[in-house]
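For the protein sequence lines, the chains are X and B, in the order given. So the first sequence is numbered by my numbering: it starts at 1 and just counts up by one. So the second sequence is numbered by my numbering: it starts at 292 and just counts up by one.
Among the clues, some could well be false.
[To be verified] Examples of chain B residues lying across from chain X (beta carbon under 8 Å, computed):
#1 ILE314
#2 ARG318
#3 LEU319
#4 ARG326
#5 LEU328
#6 GLU330
#7 ILE334
#8 ASP408
#9 ARG409
#10 LEU412
#11 SER416
#12 PRO418
These are calculated hints, taken from the structure and not from any lab test. Keep in mind the model is a prediction, meaning the values are calculated, not measured. Even for Gly, the Cβ is constructed at its ideal location relative to N, Cα and C.
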Amino acid sequence: MACIEAHGLRKEFGNTIALDGIEMRVEEGRILGLIGPNGAGKTTALNAILGLLPYQGELRVLGRDPWTQRDQLMRDVSFIADVAVLPRWIKVRQVLEYVAGVHPRFDRAKAEGFLAKTTIGSTRRVRDLSKGMVAQLHLALVMAIDARLLVLDEPTLGLDILFRKQFYDSLLNDYYDRSRTILVTTHQVEEIQHVVTDLMFIDRGRVVLSSSMEEIESRFLEVMVHPDKLDAARALKPIDQRQVIGGSILMFDRVDRQRVAALGDVRTPSIADLFVAVIASEVKQAQGVSR
Amino acid sequence: MSSQSNAMPETTFQSREIAAAAIPAARLLYWSVRRELWENRAIYVAPIAVACVLLFGFSISILHLLMEIHAAPLLDLTQQRELSGQPYEFAENLIMGTLIVVGVFYSIDAFHGERRDRSILFWKSLPVSDLITVLSKAAVPIVVLPLLAFAITVLTQWMMLMISSAALLGSGQNVAMLWSRVGIFHRWPMLLFHFLCIHGLWQSPIYAWLLLVSVWARRLPILWAAVPPLTIGIVEKVAFNTSYFASMIGNRFTGGSEGMEIMEHGRATDPMMLFAPLHFLINPGLWIGLAFTAAFLAAAVRLRRHRGPI
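Chain X extracted, bound-state conformation:
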């Protein structure tokens, strides 16, 4: 069974359509990066999955309806929301005690083990911790919960580069195993390049690309083309073209690797470049349709 399964997931806020029929299937053990421009519906989708929002359409998370069964679902799901949401008044010791009191799958010793590696003292209040330390504390709590789905919504927002790297390192080394599923959204696309196993791009409430990283590597490629071969390259219908010093970089979707290799050095595009290209071509298509 899939960890998350959505069919025709819709959500409207007044006249604004936030989710416009999302189709989604995330298998257990995957790390899915959900990427989209601002206002694309990422957070709305996550909130629906977490049971924070009512929705239309079909949605099952670990076999449950998140809206009506949030409290039961949260035994198996952990999440870190876009900014530090730990209450500012709480002491580190208290938050450990409380989560141990209410969560059947929380291992307090494990959380204390993670915290021992940091400089966070157990008698300190959250309001006295730096932003990075709050993120560390939240991560320590979440990693000590034996959950099957972890949802991260912009988990590293506002953290410096060292903390950001550390965050994903500990997630992969100390937490992730093949039985857990992780769903992450971020604007720092490059930092999850080597973390995710699957990618999903959403724009204006719709899924525009959903694919595993292997598929992406075999499907998309980009070539640095010398100006005199540009016309030949364009004949192969690139999905994106951008100028750099010494030539142009063209991106292709599903082309013969041999033919492209003749034009220049072939490589797999970065998630960030792919994202820009896919979203831009979506916009072009949409404009074409409206004309």
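Given the coordinates of chain X, work out where chain B should sit on it, guided by the hints.
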């Protein structure tokens, strides 16, 4: 919180479900109430502070009395009353007043605060239902605060008795008269009843209403809480030139005429003390109030499900 509803058609998930059984609702409630006490230290700090001020004032009045005794060794009637009756009642009333103030401010901020500081997202990431959360927050003004205030009142009165006894003994007076007149010991069960029934049950619709507004309002919950009752009161006054609604609300705050009656009887004679609780329990006003409490809390549970940070 029933575990039956967890039954899923998928067997793989079922097996893991059994491995980590759900935490009993009572334990979730216990930790949720503890969390409220961690967050809102005013719940116990405020009545304790008031008690300390009371004791300080009382000690000074005793010193003053001692000087008078020094001048005229026999206590007159006013002095006796000063020692035994008045200050004890004053202590009760002051702590009750504090209890209401703390309860009102706690309730109006209970759900607004968690949305304001976005911590609602953290609380909702834990397997605690909205029902448990609402019940734990309602339990603070309706159960925890009255019990706490009762304990603090008893302790304060006990210390007042000790202070005055020590002072009288020190100045060579007989304390038997004081102990027989104070009579706080047989008032304590009555006081416990008053705290639980009047401050807990009788006033519960007030707290439930404030909690509901706290979940509902995006801004200025205290204003939103006051507007509907004020509107009803003003319309009633202008349209019919009566003020039943206002006096009804007033009754809820002061403990109601029923509640007051009980207290008076309780003081007067012992047999009435036994009958008073029954008298209170068959009072329809109590049950109508409790029905409102239940309705407000049920609405709060439903609303909180939809609520996110503001």
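Going through the earlier hints one by one, which of them does the structure break, listed in rising order? As far as the earlier hints go, 5, 7 are violated by this structure, in ascending order.
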